[in-house]
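Asker: Sequence:
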Amino acid sequence: MYRKDLRPEIVDSFIAEFNEFGPKLTLDRVSSRIHISKKTIYRFFRSKDEIYSYILKQAARDVAMGQKAVLEDSSLSPAEKVRRILTVETLWESKIDISKVAELTEEAPGIAKEILEAYHASWDAVRQALNDAKEKGVVRPEVNVDLLLTYLEASMKSLYSSKVLKEQHLSYTQAISALASIVVDGILA
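Each residue of the sequence shown is one higher than the one before, counting from 8 in our numbering.
Mixed in with the good hints, there may be bad ones.
Stated by the list, open to error - Ranges between beta-carbon positions, derived for each pair: (1) ILE189 with GLU142: 18 to 24 Å; (2) SER84 with ASP104: 31 to 37 Å; (3) ASP139 with THR33: 45 to 51 Å; (4) LYS170 with VAL150: 27 to 33 Å; (5) LYS31 with VAL150: 38 to 44 Å; (6) SER84 with ASP19: 36 to 42 Å; (7) GLU142 with PRO116: 37 to 43 Å.
What the hints assert, rightly or not - Here are the simulated BS3-like cross-link-like pairs (lysine-lysine), alpha carbons at most 30 Å apart as the crow flies: (8) LYS45 with LYS120; (9) LYS102 with LYS143; (10) LYS164 with LYS55; (11) LYS75 with LYS120; (12) LYS46 with LYS120; (13) LYS55 with LYS170; (14) LYS31 with LYS107; (15) LYS173 with LYS107; (16) LYS164 with LYS64; (17) LYS31 with LYS75; (18) LYS170 with LYS141; (19) LYS31 with LYS102; (20) LYS107 with LYS55; (21) LYS173 with LYS64.
Don't read these hints as lab results, they were simulated from the structure.
For every residue, glycine included, the Cβ atom is placed at its ideal position computed from N, Cα and C.
Take the sequences, apply the hints, and build the full model.
Answerer: See the structure below:
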């Protein structure tokens, strides 16, 4: 019988190992870090991929909650809503070395694909903020929102699949903020 749900400790240990070793982390090292057996990890997660999926689902949930909060914040101007919704940061992004995510493409292609698909799912709130800003005359009328979203999504996805973060010594948040500034400043009326 286990004293409690060890998922949070397992996930934190997994993230620490990922930050150090990237996708080459081992569950042996994850378990050693928190002084449990690998068998104990398997009581909570069936595999490394399941831990990745768990983290991804939690991050996606946090992004959706952050986006909803931005959309509902009546104190923000439409332009500020667009900027903030593009830069919603989760606790997960601050914990995980995003520059190592690019390595997943080779080591765990299924998880890399799952990350990219999760990104695609989070664009409805961005579309809503852009359309609202456009209706209020804050976004230039000639801006095609769907084309802009395609551009943004491709740009943000490329941060996961390239080594630009590592090479430029940027955090994911810094890169997204720079991208959001370029785009938002370029579309405002």
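Asker: Each hint should be assessed against the structure and marked as holding or not.
Answerer: Do the hints match the structure? See the list:
1. ILE189 with GLU142: 18 to 24 Å: Holds, at about 23 Å.
2. SER84 with ASP104: 31 to 37 Å: With Cβ atoms ~34 Å apart, the hint holds.
3. ASP139 with THR33: 45 to 51 Å: Since the Cβ atoms of ASP139 and THR33 sit about 47 Å apart, the hinted range of 45 to 51 Å holds.
4. LYS170 with VAL150: 27 to 33 Å: holds, 31 Å
5. LYS31 with VAL150: 38 to 44 Å: holds, 43 Å
6. SER84 with ASP19: 36 to 42 Å: Given about 37 Å between the Cβ atoms, the range holds.
7. GLU142 with PRO116: 37 to 43 Å: For GLU142 and PRO116 the Cβ distance comes to about 41 Å; the hint holds.
8. LYS45 with LYS120: holds, 26 Å
9. LYS102 with LYS143: violated, 37 Å
10. LYS164 with LYS55: holds, 22 Å
11. LYS75 with LYS120: holds, 25 Å
12. LYS46 with LYS120: holds, 28 Å
13. LYS55 with LYS170: holds, 23 Å
14. LYS31 with LYS107: Since the Cα atoms of LYS31 and LYS107 sit roughly 10 Å apart, the hinted pair holds (cutoff 30 Å).
15. LYS173 with LYS107: The given pair, whose Cα atoms are some 8 Å apart, holds under the 30 Å limit.
16. LYS164 with LYS64: Status holds; Cα separation ~17 Å.
17. LYS31 with LYS75: violated, 35 Å
18. LYS170 with LYS141: violated, 34 Å
19. LYS31 with LYS102: Holds, at about 18 Å.
20. LYS107 with LYS55: holds, 16 Å
21. LYS173 with LYS64: Given that 30 Å is the threshold and the Cα spacing comes to 25 Å, the pair holds.
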